[in-house]
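Q: Each protein sequence line maps, in turn, to chains A and B.
This note's numbering puts the first sequence at residues 1 to 119.
This note's numbering puts the second sequence at residues 120 to 261.
Among these hints, one or two may not hold up.
[Said to hold, decoys possible] Okay, the calculated bits of chain B under chain A, using three or more residues with CB under 8 Å as the criterion:
#1 142-148
#2 155-169
#3 181-189
#4 193-199
[To be verified] With beta-carbon atoms standing in for the labels, derived distance ranges:
#5 A:45 - B:190: 38 to 48 Å
#6 B:148 - A:26: 25 to 35 Å
#7 B:245 - A:78: 29 to 39 Å
#8 A:2 - B:205: 27 to 37 Å
No wet-lab data here; the hints were simulated from the structure.
Note that the coordinates shown come from a computational prediction; the quantities given were computed from them, not determined experimentally.
Every residue, glycine too, gets a C-beta built ideally from N, C-alpha and C.
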Amino acid sequence: MKTEEIAKVLNAKELSAAGEHSSDKEYTMVFATDLMSDALAMIQNAPEQTVLLTGLCNAQALRTAQMLDLELIVIVRGKQPNDEIVEMGKDFGITVLTTPLTMYEACGVLYREGMRSIS
Amino acid sequence: MSVIYEKIYNVERDDYANAGLVSSLIKQSLRTIGISPAVSRRVAVAVYEAEINMIIHAYGGTITLQISDDGMIRLIAKDKGPGIPDIEKALTPGFSTASKKAMELGFGAGMGLPNIKRNADEFSIESSPAGTTLDLKFQERE
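Modelling step: build the complete structure from the supplied sequences, incorporating the hints.
A: Here you go:
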């Protein structure tokens, strides 16, 4: 799925965009967690195709994405990152979306759309 | 084999606002000098966990990045204590002594040291009440 399609099905708002080229990118996998160490442990392949879904709305979510070379984070449960986090997203080239859906709902919707777990 | 690049970074105790900054800088340096994305990612994950550990568990310390002319990357994370009472337990996935503050940061899953060990090609740890030293080496994997 493309970022725009993900945003649409999750009713999500885009807070920082990772450059123009990112809109054509295809994502195929999702990892959902509030624990960044679990993301750091589990996401080992194809980070460029992987979306991080998290309820963690702080700088560490962005740092974790940066370490893993992830390019798209979706923040769930309607949390609004502050300006510092949005700026970090822009600096790191990471697109940040925020959705009002719960983690469970967001996972369900993305699964229905064909997104799968990390391999 | 000789060291062609070395940089030492300070990590302050309880400096939650800057948690991950040193790791970001190290990752950027590695990419700038042309280390592959796969190796840079492994180093970044390991150093990030080490940095977080140092901030939430230790009294601060230093992280040293060394690169040798044969392409080996070495990270030495040396803190000022209080040490890890039972290293074997700390290396068990899921074992955690993290504080509420660490949890708020998104850490405390008990995956820190296991993550570091898995990403490094060579891993050694020494710990006493005077401090813990992690010595990690990374190389390109085929």
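Q: It remains to establish, for every hint, whether it holds in the given structure.
A: Hint by hint, here is what the structure shows:
no., hint, verdict
1, 142-148, "holds (count 3)"
2, 155-169, "holds (count 6)"
3, 181-189, "violated (count 0)"
4, 193-199, "violated (count 0)"
5, A:45 - B:190: 38 to 48 Å, "23 Å, violated"
6, B:148 - A:26: 25 to 35 Å, "30 Å, holds"
7, B:245 - A:78: 29 to 39 Å, "46 Å, violated"
8, A:2 - B:205: 27 to 37 Å, "48 Å, violated"
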